[in-house]
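All chains, full assembly: derive it from the sequences and hints.
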Amino acid sequence: MAVVSGPPPYPDTRVAQPRPGQAVGFFTDSSICIGCKACEVACKEWNHVPTDGFNFLGSSYDNTGELGANTWRHVTFAERPAAPGGGDGQMRWLMNSDVCKHCASAACLEVCPTGALMRTEFATVVVQEDVCNGCGYCVPACPFGVIDRREEDGRAFKCTLCYDRLKGGMQPACAQACPTQSIQFGPIEELRTRARRRLEQLRQEGRKEARLYGVDGSDNEVGGLHAFFLLMDEPGVYRLPTRPATTTRDLPAMWKAAAAAAGALAAGVLLAFAGKGR
Amino acid sequence: MANERLRSWPVVRQLTGADRLGLSSAVRSPRSDGLTPRTSEARVVKSICPFCAVGCGQRVYVKDGEIVQIEGDPDSPISRGRLCPKGAATRQLVSGPLREYRVRYRAPHSRAWRALPLEQAMDMIADRVISARNDHWEDRDSEGRLLNRTMAIGSLGGATLDNEENYLIKKLFSALGIVQVENQARI
Amino acid sequence: MGSNMAECHPVGFQWVMEARLKGATVIHVDPRFTRTSANASFHVPIRAGSDIAFLGGIIHYICERDAIFRDYVVAYTNAATILQDDFKDTEDLDGLFSGWDPEKHSYDPGSWQYKDVEMHPSAGQREAPGPSAGADRFGGHGGLLAHGDPPHRDPTLQHPRCVYQILKRHYQRYTPELVEETCGVPRALFLKVAQALVDNSGPDRTSSFVYSVGWTQHTVGVQYIRTASIIQLLLGNIGRPGGGILALRGHASIQGSTDIPTLYDILPGYIPMPHAHEHPSLDEFVGRDAARTGGWGRMKPYLVSLLKAWWGEHARPDNDFAFSYLPRISGDHSAYQSALDMLDGKVKGYFLFGENPAVGSANSRLHRMALAGLDWLVVRDLVEIESAAFWYASPEIESGELSTTDIKTEVFLLPAAAHTEKDGSFTNTQRLLQWHHAAIEPRGDARSDLWFTYHLGRIIREKLKGSAEPRDRPVLELTWDYPLKGEHGEPSAEAVLKEVNGVDAQGKPVSGFLELKDDGSTACGCWIYSGSFRDGVNQTARRKPGREQTWVAPEWGWAWPANRRLLYNRASADPQGRPWSERKRYVFWDEEKRRWTGEDVPDFTPDKAPDYDPPEGATGDAALRGTSPFVMQADGQGWLVTPAGLKDGPLPTHYEPHESPVGNPLYGQQSNPTRQLYRRALNSYNENGAAERYPFVMTTYRLTEHHTAGGMSRFLPVLCELQPEMFCEVSPELARLRGLTNGGWATISSARAAIEARVLVTERVKPLTVRGRAIHQVGLPYHWGYRGISRGDAANDLFPLALDPNVHIQEVKAATCDIRPGRRRR
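Residue numbers (our numbering), protein chains in the order written: chain A, 1 to 278; chain B, 1 to 187; chain C, 1 to 826.
Treat the hints loosely; a few may be bogus.
If you want a taste of the chain A side facing chain B, the calculated C-beta under 8 Å gives, among others [claimed, not checked]:
1) C36
2) A38
3) E45
4) W46
5) G115
6) Y163
7) D164
8) R165
9) G168
10) A177
11) E189
12) L199
Result set (PhoX-like, lysine-lysine): computed pairs, CA atoms no more than 25 Å apart in a straight line [stated by the list, open to error]:
13) K544/C to K46/B
14) K498/C to K46/B
15) K465/C to K63/B
16) K517/C to K485/C
No lab work stands behind these hints, which were simulated from the structure alone.
Idealized CB from N, CA, C, for every residue including glycine.
In structure tokens:
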């Protein structure tokens, strides 16, 4: 029997105070997610995100389906057989709160022709709703299918990492609400250290299925995620792409061409990028 | 003209400005610059979540007489600032679109609700309590033992009521001889 | 067990997750694999309604290996006490205890008593006591304790009629094999649980049980919890940090509404309601009901102070402090009995305060029909709940069973104020009172229930003014004077709390219940809440941040009694008063200061030394030894066998649910013989060989995304989108058997009703093998009804009124049903 000892592995994250100029993000530890969806509600309440429809999906306990313009946090549920070689032969019910990854190399931002998408002083990626004209180029650019246009409004919406709260020294609403600290907010570097330590702990417990996702650039081609995860199975189980890549990898060269051309032509090139979407 | 337009296009501004890597300050909108949390100028009232019995601390933010946000109170040693989906939805509970703000009255055999002034409703209810007591009072049982009650009136609720409210209900109803005072704790 | 903590108390579950991260073992025993199971160390699937067999198996395991915490058990429990010679166990009588009266369907509990001394139940008799209740046997009160002990004890625990041996024998057949056969839990998995508990208990370690309504909502609900109490006492896990049996209650102040009860059978502070047949006078009431030894020896000052709080100057020594003003009970007047009386036209008027029986009560269909039998109904709620709309929107209107124009019920829907619109205190599941402050004024006609009750009383008193009727004296002489504030005339909730706390003759708030007197010089609305307004300060509003105080956080809110956070904490020290171990140090005796001290307010007379030996004839607390931690019990001991207070036996025994697809493997007696049944048309049962018609077990539960009968969740868009429709959960095996498809519709039927639900086919529900047979279970969340944003059929329509005899709680955690594909017939 395991002996109870030592402090809890996570400090109380609600004391984390965002500072401008510091890269901050989320570390979502799915191994302690209880699937309560407090994050979905806290997000909607703070950001006044409208409802996403009342549809019984028959998909475990998930009835919001996927991230989109009206769902900025989304809890996935996966009912899985016992982990091979891990656990004690019991089935697993895996839950994880998905969110915009605030990619280090963000395609949505790069394709945005209006400058509505910007990287903030916290290194997060936000849509400025007073600038967005609803062109929708960002939508197919996102390798995770996060950003989307709101039907009744036309503009693009996604997680802002509660930019307004960050500016006021508060942490994002989802992280504050999360009952178990599965969602942790803080400076990226500190979160990375925590994530690696937690992975180590789980490995020592024999949980071979544990893995990190997007903690750095090694498993993706988006330069690492500013919202990364600890998963207890393949990314696909959580409906995450196995090796996400920036849809605009070749962008710098193309931008040169675009800048040299007339505006109309540039728009045409952008449309071509758009075609490369998910 | 075309060049000017091109230069003002944020993409080009980013590519030519000092912001080539950050893609940041060059495109900041006035709204982004002025953004503050809507709680920053609100009055904070300390409260407790009304859903389950864990008793999570809540902070209720009030601005211009409106509740603008309800979230967890980090000071609470019970909840440490956290809330579940119901607790996080409390603002919709207290100011949701389906809340009732006017008395509704349905007359016997009627097919529809109608409005009724609160004062009149209170008066009518008081009359009904008095006459149900008068008509169905039990002083003593068949063997002469004290009963001092009416079995014609009952009440049920409320496990989400305050202690002070339950106290007044039990006190008043007992004094009226109503013994069928019950609540969710039984159910 | 019996709790889905991660889903129903998610924020409380943070502490479980934190413990798990620190290495604790978390075991979830539940019919379904839930979000709690997913986050536990392991899950144990169990057949709904078989928990006593499982827990009894653990008792057997502990006794067989002599794995008890012996020092604790001998000193702090009644294990050594010797019972009456004529006590007979269910092992002797095929599922019945001695004292059974087959005609009255009840027990005479006299033979369950200790030899030569009568024990009173710790909180008095709530209703009519049993036929003799031991009175004849002992002559009034029988003997008192000698040196704090019952007269006959065997500390070696060897005497064949000592409690420990009786207990051991009672559970001798609850073997791992029997557990497997009865509960469907594989032997190895059961043994893993039993061993984990034993390994994690003792001087250095503690284990705790968490339960919720998965235990209470059975015809043997009280005995479920009793079984856990026995385990925890045997392992020394009560009154110690990290131990205990944690009841997770389901509403913000459901604990409070039991403490200050809106319940028919008790007065504030668990003082029983006087019974017509037993209690003509105050002294007879106290003499009959209060134990003379232990904490309840002070019932009289508590009751007199309550009567003074209610009737002030009109409660005088020469009129028995207006004791006769209290109405008398004469049987079961619980909510279910009232509903049946409504059907029969006996109840004319009814108040619903934030309660929705048309969805939330067992056999909700019956309740909707009952509401139609009223002359008038007052509904106080935030929204138009189903119980307010039954007369035009219920399924019975749709089906034509009821017709709107035929329904005579007058309905008043009065909008209530939300917690953000009023001051007041909630008592949480840890007995902690926490104050919430009004943030804004309620709008329109919305008012607090404090306002409603106060002004209803005021108007009635005005209308009755000058009445000479004796029946009007109690209400006219009631103390009913609270400061009003604001434009609506809102009564001051703090003034009410001050009355609840109690005041002395000068009107100064008392500091605690020990100051209450039986001479009429003090007034107190609820003795256990005495101290909550100590020094004239609202202690429940204290909010010193948790991080600025000790881990016990004594300066956040206020816990009853006396701000004690852990009950019976004297047991956290050994008989000599020393911590059982450094690791589990909590409350202990400071020899130098001659006082109990530690992390918490000691739940013990502060200067009663561990070696205190009660003098002969001592009463009240003085009659208990310095080593008796369970101070509210008449003998200060943890009761393994309960000599008094329960209607269905002194020891928990496995009985099948009232509706069960299997026979009782242990006894000829199938179900709890004292369970309360109501045989009438709207409440038919599936019994006597109808198993083929309703072959499956059904159970109800909550989801994280909704709240109880839906009044506080199905009207909120943000919650409705998370769980938008009523559904049922079935295993792939049952889906195949019945042709159900995931996402499709199913009709679930019982002997009462048929409802429809969307189907969720999931591996999380598994058929269990019980005595060679596959038992299928159907899971049903009970949140839905016919109003609000998200609407659906009410699961409670399916369940019968079959109640626990002690507390009249319905069995909705296990009954039988059938399930077929497709929507219900309309």
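These are the hints, each one checked on the structure:
1. C36: holds, 5 Å
2. A38: holds, 5 Å
3. E45: Check passed: Cβ of E45/A comes within 6 Å of chain B, closer than 8 Å.
4. W46: Given a least distance of 7 Å, the restraint on W46/A holds.
5. G115: holds, 3 Å
6. Y163: Because about 6 Å separates Y163/A from the closest Cβ in chain B, which is inside the 8 Å limit, the hint holds.
7. D164: At about 5 Å, which falls below the 8 Å cut-off, the nearest Cβ of chain B leaves the hint on D164/A intact, so it holds.
8. R165: Given a least distance of 5 Å, the restraint on R165/A holds.
9. G168: Holds. Min distance 4 Å.
10. A177: Check passed: Cβ of A177/A comes within 5 Å of chain B, closer than 8 Å.
11. E189: With a minimum Cβ separation of about 18 Å from chain B (threshold 8 Å), the hint on E189/A is violated.
12. L199: The hint is violated - L199/A has no Cβ within 8 Å of chain B, the shortest such distance being about 24 Å.
13. K544/C to K46/B: holds, 12 Å
14. K498/C to K46/B: Within the cut-off at roughly 20 Å; holds.
15. K465/C to K63/B: Given pair K465/C, K63/B is violated - Cα atoms ~45 Å apart, limit 25 Å.
16. K517/C to K485/C: The hint is violated at about 32 Å.
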